[in-house]
Amino acid sequence: MRALIVDDSRFVRDYLRGLLEIKGIECEEAADGNAGLTQLHEHGPFDLALVDWNMPIMDGLAMLRNMRAEGYSNVKVMMVTTEAEDDFITRSLDAGADEYLMKPFDNEALTEKLVMLGLAEV
Amino acid sequence: MDDLTREFLIESQEGLDRMERCLTDLEERPGDTNLLSDIFRSVHTIKGTTGFLGFKRLEKLAHAGENLLGALRDGKLSASQPVITGLLQLLDALRSILSIIESSGLEGETDEEVNDSELIALMHELQHPGDALHSATNVNRPALVIEANTTLTHTSAKASPPALQEPDTAPPPPSQSAAAAENDALKSEAAETSRPRQSAASESTLRVDITLLNRMMNLVGELVLTRNQILQATGADPAFTMLSRRLDMVTADLRESVMKARMQPVSSVFSKFPRIVRDLTQLLNRRVKLVLEGQETELDKSLLEAIKDPLTHAVRNSLDHGIEPPEKRIALGKDPEGTLKLRAYQESGHVIIEVSDDGGGISVEKVRDKAIERSLITAERAAHLSERELLQLIFLPGFSTAAAITNVSGRGVGMDVVRTNVEKIGGKVEIDSRPGKGTTLRLRIPLTLAIIPALIVRCLGQSFALPQGVLSELVHIPPERISSAIEWMEGAPLYRLRGQLLPLIFLDRMLSERKPVNGHAAIATHTPDAASLPQRDHFIAVLDADGRMYGLVVDGLADPEEIVVKPLSTVLKSIGIYSGATVLGNGDLALILDPGAIAIRAGVSLSTVQEDIEILEEEEDAMKSRFLLVEAAQRRAAVPLGEVLRIERIPVSRIEYIGYRPVLNFEGQLLPVEDSAGVLATAAANPDLPLTIVVCREGNRQVGIAVGNVLDVAAGNDLVEAGTHRAAAGVTLLNDHVTGIVDLGAIEPLPLAAQAASSWQSSANSYEETLA
Numbered sequence: 001m002r003a004l005i006v007d008d009s010r011f012v013r014d015y016l017r018g019l020l021e022i023k024g025i026e027c028e029e030a031a032d033g034n035a036g037l038t039q040l041h042e043h044g045p046f047d048l049a050l051v052d053w054n055m056p057i058m059d060g061l062a063m064l065r066n067m068r069a070e071g072y073s074n075v076k077v078m079m080v081t082t083e084a085e086d087d088f089i090t091r092s093l094d095a096g097a098d099e100y101l102m103k104p105f106d107n108e109a110l111t112e113k114l115v116m117l118g119l120a121e122v
Numbered sequence: 001m002d003d004l005t006r007e008f009l010i011e012s013q014e015g016l017d018r019m020e021r022c023l024t025d026l027e028e029r030p031g032d033t034n035l036l037s038d039i040f041r042s043v044h045t046i047k048g049t050t051g052f053l054g055f056k057r058l059e060k061l062a063h064a065g066e067n068l069l070g071a072l073r074d075g076k077l078s079a080s081q082p083v084i085t086g087l088l089q090l091l092d093a094l095r096s097i098l099s100i101i102e103s104s105g106l107e108g109e110t111d112e113e114v115n116d117s118e119l120i121a122l123m124h125e126l127q128h129p130g131d132a133l134h135s136a137t138n139v140n141r142p143a144l145v146i147e148a149n150t151t152l153t154h155t156s157a158k159a160s161p162p163a164l165q166e167p168d169t170a171p172p173p174p175s176q177s178a179a180a181a182e183n184d185a186l187k188s189e190a191a192e193t194s195r196p197r198q199s200a201a202s203e204s205t206l207r208v209d210i211t212l213l214n215r216m217m218n219l220v221g222e223l224v225l226t227r228n229q230i231l232q233a234t235g236a237d238p239a240f241t242m243l244s245r246r247l248d249m250v251t252a253d254l255r256e257s258v259m260k261a262r263m264q265p266v267s268s269v270f271s272k273f274p275r276i277v278r279d280l281t282q283l284l285n286r287r288v289k290l291v292l293e294g295q296e297t298e299l300d301k302s303l304l305e306a307i308k309d310p311l312t313h314a315v316r317n318s319l320d321h322g323i324e325p326p327e328k329r330i331a332l333g334k335d336p337e338g339t340l341k342l343r344a345y346q347e348s349g350h351v352i353i354e355v356s357d358d359g360g361g362i363s364v365e366k367v368r369d370k371a372i373e374r375s376l377i378t379a380e381r382a383a384h385l386s387e388r389e390l391l392q393l394i395f396l397p398g399f400s401t402a403a404a405i406t407n408v409s410g411r412g413v414g415m416d417v418v419r420t421n422v423e424k425i426g427g428k429v430e431i432d433s434r435p436g437k438g439t440t441l442r443l444r445i446p447l448t449l450a451i452i453p454a455l456i457v458r459c460l461g462q463s464f465a466l467p468q469g470v471l472s473e474l475v476h477i478p479p480e481r482i483s484s485a486i487e488w489m490e491g492a493p494l495y496r497l498r499g500q501l502l503p504l505i506f507l508d509r510m511l512s513e514r515k516p517v518n519g520h521a522a523i524a525t526h527t528p529d530a531a532s533l534p535q536r537d538h539f540i541a542v543l544d545a546d547g548r549m550y551g552l553v554v555d556g557l558a559d560p561e562e563i564v565v566k567p568l569s570t571v572l573k574s575i576g577i578y579s580g581a582t583v584l585g586n587g588d589l590a591l592i593l594d595p596g597a598i599a600i601r602a603g604v605s606l607s608t609v610q611e612d613i614e615i616l617e618e619e620e621d622a623m624k625s626r627f628l629l630v631e632a633a634q635r636r637a638a639v640p641l642g643e644v645l646r647i648e649r650i651p652v653s654r655i656e657y658i659g660y661r662p663v664l665n666f667e668g669q670l671l672p673v674e675d676s677a678g679v680l681a682t683a684a685a686n687p688d689l690p691l692t693i694v695v696c697r698e699g700n701r702q703v704g705i706a707v708g709n710v711l712d713v714a715a716g717n718d719l720v721e722a723g724t725h726r727a728a729a730g731v732t733l734l735n736d737h738v739t740g741i742v743d744l745g746a747i748e749p750l751p752l753a754a755q756a757a758s759s760w761q762s763s764a765n766s767y768e769e770t771l772a
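If you read the protein sequences in the order shown, they are chains A and B. Counting along the first sequence from 1, when you hit position 52 you're at 52 in full-length UniProt numbering, and nothing is skipped either side. Counting along the second sequence from 1, when you hit position 91 you're at 91 in full-length UniProt numbering, and nothing is skipped either side.
Check each hint, because a few of them may be wrong.
As the list claims (entries may be wrong) - Below 25 Å or equal to it, Euclidean Cα-Cα: the simulated SDA-like pairs (lysine to any residue) are:
id: 1; chain 1: B; residue 1: Lys76; chain 2: A; residue 2: Asn54
id: 2; chain 1: B; residue 1: Lys566; chain 2: B; residue 2: Ile486
id: 3; chain 1: A; residue 1: Lys113; chain 2: B; residue 2: Gly54
id: 4; chain 1: B; residue 1: Lys76; chain 2: A; residue 2: Asp47
id: 5; chain 1: B; residue 1: Lys272; chain 2: B; residue 2: Leu284
id: 6; chain 1: B; residue 1: Lys424; chain 2: B; residue 2: Gln468
id: 7; chain 1: B; residue 1: Lys566; chain 2: B; residue 2: Gln535
id: 8; chain 1: B; residue 1: Lys341; chain 2: B; residue 2: Leu247
id: 9; chain 1: B; residue 1: Lys366; chain 2: B; residue 2: His313
id: 10; chain 1: B; residue 1: Lys341; chain 2: B; residue 2: Asn218
id: 11; chain 1: B; residue 1: Lys76; chain 2: A; residue 2: Ile89
id: 12; chain 1: B; residue 1: Lys370; chain 2: B; residue 2: Asp320
id: 13; chain 1: B; residue 1: Lys272; chain 2: B; residue 2: Lys428
id: 14; chain 1: B; residue 1: Lys272; chain 2: A; residue 2: Thr90
id: 15; chain 1: A; residue 1: Lys113; chain 2: B; residue 2: Glu365
id: 16; chain 1: B; residue 1: Lys573; chain 2: B; residue 2: Leu219
id: 17; chain 1: B; residue 1: Lys260; chain 2: B; residue 2: Asp309
id: 18; chain 1: B; residue 1: Lys428; chain 2: B; residue 2: Val475
id: 19; chain 1: B; residue 1: Lys272; chain 2: A; residue 2: Lys23
id: 20; chain 1: B; residue 1: Lys76; chain 2: A; residue 2: Thr90
id: 21; chain 1: A; residue 1: Lys23; chain 2: B; residue 2: Asn218
id: 22; chain 1: B; residue 1: Lys308; chain 2: B; residue 2: Ser99
id: 23; chain 1: A; residue 1: Lys113; chain 2: A; residue 2: Val75
id: 24; chain 1: B; residue 1: Lys76; chain 2: A; residue 2: Lys23
id: 25; chain 1: B; residue 1: Lys424; chain 2: B; residue 2: Leu283
id: 26; chain 1: B; residue 1: Lys437; chain 2: B; residue 2: Glu365
id: 27; chain 1: A; residue 1: Lys23; chain 2: B; residue 2: Thr5
id: 28; chain 1: B; residue 1: Lys328; chain 2: B; residue 2: Lys366
id: 29; chain 1: A; residue 1: Lys23; chain 2: A; residue 2: Pro56
id: 30; chain 1: B; residue 1: Lys76; chain 2: A; residue 2: His41
id: 31; chain 1: B; residue 1: Lys76; chain 2: A; residue 2: Val75
id: 32; chain 1: B; residue 1: Lys76; chain 2: B; residue 2: Ile10
id: 33; chain 1: B; residue 1: Lys301; chain 2: B; residue 2: Asp237
id: 34; chain 1: B; residue 1: Lys301; chain 2: B; residue 2: Asp17
id: 35; chain 1: B; residue 1: Lys334; chain 2: A; residue 2: Asn54
id: 36; chain 1: B; residue 1: Lys341; chain 2: B; residue 2: Lys428
id: 37; chain 1: B; residue 1: Lys301; chain 2: B; residue 2: Leu223
id: 38; chain 1: B; residue 1: Lys573; chain 2: B; residue 2: Ile425
id: 39; chain 1: B; residue 1: Lys437; chain 2: B; residue 2: Ser512
id: 40; chain 1: B; residue 1: Lys366; chain 2: B; residue 2: Glu389
If you're looking for bench data, these hints aren't it; they were derived computationally from the structure. From a predicted model like this one, the values you see are computed outputs, not experimental measurements.
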């Protein structure tokens, strides 16, 4: 299984990579939405994209919309965010996100969401 | 500290640096939404990531800031002065917590949290200006905060009414978020321990620990030493010679690469200045535009650290004493907004950093009066000094031009500290000032510290290294002149160097001095006098260290060499006259002499410097009519001595040609070589004989003159054309012969393309040059 981590924080990318690789998930990274799309085009296929909301150049919501518009429908998208607004969660779910994860999160919270997506076992 | 925490610290510090830059930009463009989103993102990222590591203080502060920034970004609030000042306070608080974490791994004392809650309250009030009136009264807050609030109610309340109408977006009370953070902290701790570290080097750049780079530099230094030894050991075997040449080249390349790896653009230091300038202009009531140029110029990291303070001091001086207040500038017919320029560029193996302002310049009269008042110089001496020399007085310890002691630059730290700091790293400071037009301070910094050019001298059978930077000239005294050349004044040896009395220090006597015991002065093993000097060759290295000029007497001179500076063991360091150690090309160990410390130890005072300035001036006048008498193709010619930089003896093969023009690659610069006498053609016929080139200064450039022989230095008398009472141009009377003066100005400049190529290659060339 392969995952794409899109976050402008190196710390978060490192942290997520650590949690995912221990589950045997291979990871690629991008620091903004635009770079994320490039990764999708050039280093795919991916089973999962973990996408931050607030990023420079192209934010997570725009990336999600572009992904879906470009026909990457089989890549599960988990929005990773600190924004507590319901508005954001609804907007991203409307735009085609499959799950969301609130920062800060631990292994347990991440695993739970992966199970919901059918990408991990309990 | 684990890698993840370190990653967090680096990322957060970068974020705050970016935030600082953006905040100062924001003052100029308060409505720029890109800037606002950038600032928001910096704080947002810190808040988002700090939760993973459970740093509660950070999270609370970042959260408060994020709310305020959110309101700014969404246009609910405008970026007024108090808001920006508040955000800068927040920035400083976040920075200080990060540095506490960096040093201790923990966030610091809980009593600090009182300050935190004040800052959080400030953020809240800035976001909801209406509340300020109520809460400011019941919380005991520092004066600065209250001041910010009062201004806020004037400016931003009317600038942003929407914020008043939105009480719903208030942030949760701090107690709630603190509880949440505590929970998160517990959870993330559990996550931390169960997870192995993976690296994420998916980018084309790599972070390298500075200690590793330092170690690499040391190892390369070792390699350079081994290379030097191998080159000296290379015998007649052609195969071995080939191999050692190859080793030489690879070592040179490797050394350059490692040096490059330690380079950082000066922007990392320059980027601090928008903030400093902003704060100071507010404090001092100035209007200043800061211009940064050449930010991409690279410099060794340790040197960058070392110039930070001198630069800050120079900038403060410019703002405090240089650029006038706006009213005064208008009265003077200047733009009310002053310009402060920081410029960095490379020039022949050095990086030049200039701090220039368009302020009032330095008043030479004030400098003179102040120097006399502080008894740094006597009035009669001052009367003899030129404006340029008077200007140099500001570098003397104990000098400060501040009319009133301000809390900006008048803290007893003067330009002497700037000079000392810059000279400590082998640099030089120059100052130019034009009254009413402005001042330029120029720092000349070497590209690297670890490897320096040095002259190897011999004393008591040992080798010592003298840094070339402080060496101004060498004087040889043959045995028969010893007793007449060295004069004694109350037991102190002096040498008369072109009319100037130079204090002498005998290195052998200093080395055999007993160490001071219990604070008592050192006792010389034998009383010095003229008779005790052995009748043999003596060499005087004339040194200028930290403004102290003296001659160091040594037994012998060896070659100049590029030495690798090694730190000293504590035992040797405590002796106090060495700055390091090195291994020479012949395998010998050599201690590196610290000329400044030697001068202080021997009691060479700075007062001699003023004497020197006076004598130097006379000297300079005298120089104008002194000439270097040269001979070329049986004709004699005179070169003004004041313009002569060096006399080089080189193999004729070193001369290259651009088109028909002969040129010399001299210390990385291309010199046009003047050869009107046809010396080069003669020399080419005898390639084994060295060619003599007189290197001269001509305006801003340097030129070389090919000569057959250097005959003498002689004082020339002006000749007057009969009946005209005008000095005859171009000729002088030297040793009773009418002699033509070489017209340096007539030497044609090189085609521009060649000059550009030379400056582009200059650092690499001078480096090869010194190795050769």
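Checked hints:
no.	hint	in the structure
1	B:Lys76 with A:Asn54	holds, 19 Å
2	B:Lys566 with B:Ile486	violated, 35 Å
3	A:Lys113 with B:Gly54	holds, 22 Å
4	B:Lys76 with A:Asp47	violated, 40 Å
5	B:Lys272 with B:Leu284	holds, 18 Å
6	B:Lys424 with B:Gln468	holds, 13 Å
7	B:Lys566 with B:Gln535	violated, 36 Å
8	B:Lys341 with B:Leu247	violated, 44 Å
9	B:Lys366 with B:His313	holds, 20 Å
10	B:Lys341 with B:Asn218	violated, 36 Å
11	B:Lys76 with A:Ile89	holds, 23 Å
12	B:Lys370 with B:Asp320	holds, 17 Å
13	B:Lys272 with B:Lys428	holds, 23 Å
14	B:Lys272 with A:Thr90	violated, 42 Å
15	A:Lys113 with B:Glu365	violated, 77 Å
16	B:Lys573 with B:Leu219	holds, 22 Å
17	B:Lys260 with B:Asp309	holds, 23 Å
18	B:Lys428 with B:Val475	holds, 24 Å
19	B:Lys272 with A:Lys23	violated, 44 Å
20	B:Lys76 with A:Thr90	holds, 24 Å
21	A:Lys23 with B:Asn218	violated, 42 Å
22	B:Lys308 with B:Ser99	holds, 19 Å
23	A:Lys113 with A:Val75	holds, 15 Å
24	B:Lys76 with A:Lys23	violated, 44 Å
25	B:Lys424 with B:Leu283	violated, 32 Å
26	B:Lys437 with B:Glu365	holds, 16 Å
27	A:Lys23 with B:Thr5	holds, 22 Å
28	B:Lys328 with B:Lys366	holds, 19 Å
29	A:Lys23 with A:Pro56	violated, 29 Å
30	B:Lys76 with A:His41	violated, 39 Å
31	B:Lys76 with A:Val75	violated, 38 Å
32	B:Lys76 with B:Ile10	violated, 32 Å
33	B:Lys301 with B:Asp237	violated, 42 Å
34	B:Lys301 with B:Asp17	holds, 17 Å
35	B:Lys334 with A:Asn54	violated, 46 Å
36	B:Lys341 with B:Lys428	holds, 19 Å
37	B:Lys301 with B:Leu223	holds, 22 Å
38	B:Lys573 with B:Ile425	holds, 18 Å
39	B:Lys437 with B:Ser512	violated, 54 Å
40	B:Lys366 with B:Glu389	holds, 14 Å
When the structure is compared with the earlier hints, violations turn up for hints 2, 4, 7, 8, 10, 14, 15, 19, 21, 24, 25, 29, 30, 31, 32, 33, 35, 39 and for no others.
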